[in-house]
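Engineer: Chain residues, written in single-letter form:
There are 4 protein chains.
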Amino acid sequence: MQLASFRSILTRYKAVFLDSYGVLKNHMGLIPKVEETLQFIRDNNQYLCVLTNDASRSPDQLAANFQKNGLTGIEADEIISSGMMARQFLEYKIRKGGSVAYLGTENSAQYILQAKLRGVPVSQVKEEDDVQAMVFLDDEGFDWNTDINKTLNLLRTKNIPTIVANTDSIYPVSQNDVSLATGSIAKLVENIVNKRFIHFGKPDSQMFMHAFERMNKLASIDRSEILMVGDTLHTDILGGNKFGIDTALVLSGNTRKDKVNLLIRSSGIIPNYICESIVN
Amino acid sequence: MQLASFRSILTRYKAVFLDSYGVLKNHMGLIPKVEETLQFIRDNNQYLCVLTNDASRSPDQLAANFQKNGLTGIEADEIISSGMMARQFLEYKIRKGGSVAYLGTENSAQYILQAKLRGVPVSQVKEEDDVQAMVFLDDEGFDWNTDINKTLNLLRTKNIPTIVANTDSIYPVSQNDVSLATGSIAKLVENIVNKRFIHFGKPDSQMFMHAFERMNKLASIDRSEILMVGDTLHTDILGGNKFGIDTALVLSGNTRKDKVNLLIRSSGIIPNYICESIVN
Amino acid sequence: MQLASFRSILTRYKAVFLDSYGVLKNHMGLIPKVEETLQFIRDNNQYLCVLTNDASRSPDQLAANFQKNGLTGIEADEIISSGMMARQFLEYKIRKGGSVAYLGTENSAQYILQAKLRGVPVSQVKEEDDVQAMVFLDDEGFDWNTDINKTLNLLRTKNIPTIVANTDSIYPVSQNDVSLATGSIAKLVENIVNKRFIHFGKPDSQMFMHAFERMNKLASIDRSEILMVGDTLHTDILGGNKFGIDTALVLSGNTRKDKVNLLIRSSGIIPNYICESIVN
Amino acid sequence: MQLASFRSILTRYKAVFLDSYGVLKNHMGLIPKVEETLQFIRDNNQYLCVLTNDASRSPDQLAANFQKNGLTGIEADEIISSGMMARQFLEYKIRKGGSVAYLGTENSAQYILQAKLRGVPVSQVKEEDDVQAMVFLDDEGFDWNTDINKTLNLLRTKNIPTIVANTDSIYPVSQNDVSLATGSIAKLVENIVNKRFIHFGKPDSQMFMHAFERMNKLASIDRSEILMVGDTLHTDILGGNKFGIDTALVLSGNTRKDKVNLLIRSSGIIPNYICESIVN
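Protein chains in written order, with the working numbering: chain A, 283 to 562; chain B, 283 to 562; chain C, 283 to 562; chain D, 283 to 562.
So here's chain A without its partners, still in its complex pose:
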């Protein structure tokens, strides 16, 4: 597949869904010049939604984080995260009064669990606690040496719904290196306890659906008028393809130029376009 200029394909659409990590920012911060593309989108009266498998922060914090890094113009209500999906599920499905155990930062817990549910870090769960659910939120904020085992033992004894709010396996931490993400830690535990966890995040249709509904409150937008842009075939492109919208794979994140054709051929996940980044 030939590389396309992002600007040239962008103009064919009325709205764009953007992945965050690997598209707008990377381990070094904002990807240079993405703010120009954002400005272009605004100037052309196009609609925008950020779809991110990040469950560690609230949309307000994610928006503030963009701004702090020099990307103004993304509103909190233009951000849909897997954390939001998990949050809605917990709000709806877990009866008030019990507590919810979590692996992650206190900040991520505050967002996901809100005021109605009492969040307890796994390290602080006591035997007598009435734990209603378990949530995997983030790979930071706890001691892997002790808390993964605690989680394992909690789930061996209590039959409670277990939510994985970020299904990513790994994420890049430098040019060459990656780090295990929440999804991997959850999978490790899931395999041992042999129970079915509930996963939120691309490629599942939910976030696409939320973004679509939200956008259609602003203007009437058809699926054919939306472009999904992401750096990962298995989450962004597969999810966009299944949702029925056009997809563009960028090479500014997880997928490297020297491997892209091989990956597309071997996975069978085919984007409509491949672009260097959203900048060119």
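Keep in mind that the hints were calculated from the coordinates and are not lab data. It is possible that some hints are incorrect.
In this list, chains with the same sequence are indistinguishable; a pair is considered to hold if it fits within one copy or across any two.
[Claimed, not checked] Mimicking EDC-like on lysine to aspartate or glutamate, the simulated pairs with C-alpha atoms at most 20 Å apart in a straight line are: (1) K432 / D459; (2) K440 / D459; (3) K432 / E422; (4) K408 / D459; (5) K307 / E360; (6) K375 / E507; (7) K440 / D411.
Let chain A serve as the given structure and place chains B, C and D on it in line with the hints.
Structural biologist: Coordinates of chains B, C and D only, in the frame set by chain A:
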């Protein structure tokens, strides 16, 4: 969990999503007296949608099949099938001109592939054919002794998107016996070729989303006003839970009364209600 | 890794373990000139054992099969098959009096089950039969359209040991094409019933151990004096490496020259030598 | 299955293979009165071998550890560990001169790697190091927060053989709680890098084979004269069954009395006997 009377919970909702096999019908035909429940739903001006992982027939044929068996009053446009999802994907993503190889009955192919795509049973694919995609449609309509191997060899050589239009593993064929369904055959091949197939069907949110959008064209219905009814925890109940609607598990299909509590506890998939069937 | 001449490395060893399919023969029959290499081995007073994951025939039949194809000089007692391992297990572990259900040819059953155990093809198992065990023997000899489902239902209801006598996933049937082998069919069923089957065959140490013990009855041979030759990294080479003997991968079967370096690097299974075949 | 008295079955055999953890000792130390059973074995001139999936200590240290806890009479050369198997493999397969990266304690590394191979804890591996292999040795001795990621990145970039010297998933740390063992950590990494690691430990036949060969240097002992005793179906009993010896499952470790029948039925792994422990 206590068993609830289906009628008593049904009245709390404005709309109901129903699984087909194990809820409305089983291997012997229509489950006795379900037509009375359907009538009750109509009399109460409730809305209805059938969500089925059946890709072997068109909605028109599925509706006709219900009628033939004594269940009048389900319109074709009240039926959402995984086959429809696969059909839309193929229509949108596969360029016209090539052919699409399939494992299934000619009838299922006619529906999924429509007129624009030339469907070719795997057994008839020739080397020189320009095969654009592969679709697993049904466990019938081909010779397992020869055609599974043909499919395997086709996918080893051609890097084409492969769609699994019915993700069920097994389905009951008698009181005690089951049969391997399309999902199992696809999984067998998927593991050997080590590529990522594209699966359509519950528990994925897509079908729930389609049903929700369709219903909201008729009346304004909120998620809290919908009840999902199914016989399988991993598809119907998990799908309904993730979509954010209440769920009722019936014991008239895949899930047996003597195993239900164990299955709920071990899977962590918890329905709001358990009922013997939709009849009581 | 550089290609080595098989003759040149062969002379460094006192004994050689040979895989059969892909080393001595292929889908077309005997690989041309292997009989010369066999003669060379005999002339040099080297010891030989054939280690094959073929459970469809007895060693006598396998030896006769070699002879029929022009390879004289391999005695039945120089052949160790996964079928033999399965046979010994059944003989030892299953009490006489019951019957053993199998998927495979009658010939393979006659060998594996001997006279003491009453073998019944899955298609003929009746409800009242006292089935003691289930054995997957071969991918031929039964109707895939009906008998895989019968096996599935048998194993869903009866808690009996299930033996897989040939763990190969696929085997080549022509230059380019493969066929699903017993191992794949067993895996399909194993995943659905969610029970642990008992597998016999390389890379498991058992067959290497039997060959080693058998050879040492003829002469004192140390592990360092044995070379394992095979065409498949995951069975022959991994098995030989784990058993502690040198290994040579040949490119006359499953592993193609254009893919070998990639496969070795990606699998981490490293043979001591790579040769075109045992002929050069 | 009925419970049998261990003493009564023990006398039927000439030799016994014993698992260590869950049979001789547990998280609290030596299981009370096992030294009496050991004395009984000695008094009856029976032969003994301890087969353990423990790779964290040398046989000398394991023997000393028994003695320190009150169990005299187990010689170092009566202990066969998965660590020994890994050690032999590394000694044989890794060329001198390079270094071997490991996750585990320095003590476990000293044993496995000996003097010829330079062992480097993953945390200390530098880019310029010539790392020849990676070994997972123990779940202790490193910081899970940092070193699992380091291992992941090392294996993503270098194509080196990776050895898992202890394949246990979990081990009990108290009456009710378990801890993740080396096998789980290795599996986590193995799945992400998508390469094949080399595993040593029961149920693989290797350790049984070593014990059998070693014993037969002392006296002529046939397989029918050996009893394998263990607390885990998937490693001890399956391994013993496949090796062709009788097996006894004890309920003093991993397998609880209230679950044993269910586990045997659902796994299909059937011991010849079930005993409370080796004490009764």
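Engineer: Give me the numbers of the hints this structure contradicts, sorted from smallest to largest.
Structural biologist: Violated hints: none at all, because every hint is consistent with the structure.
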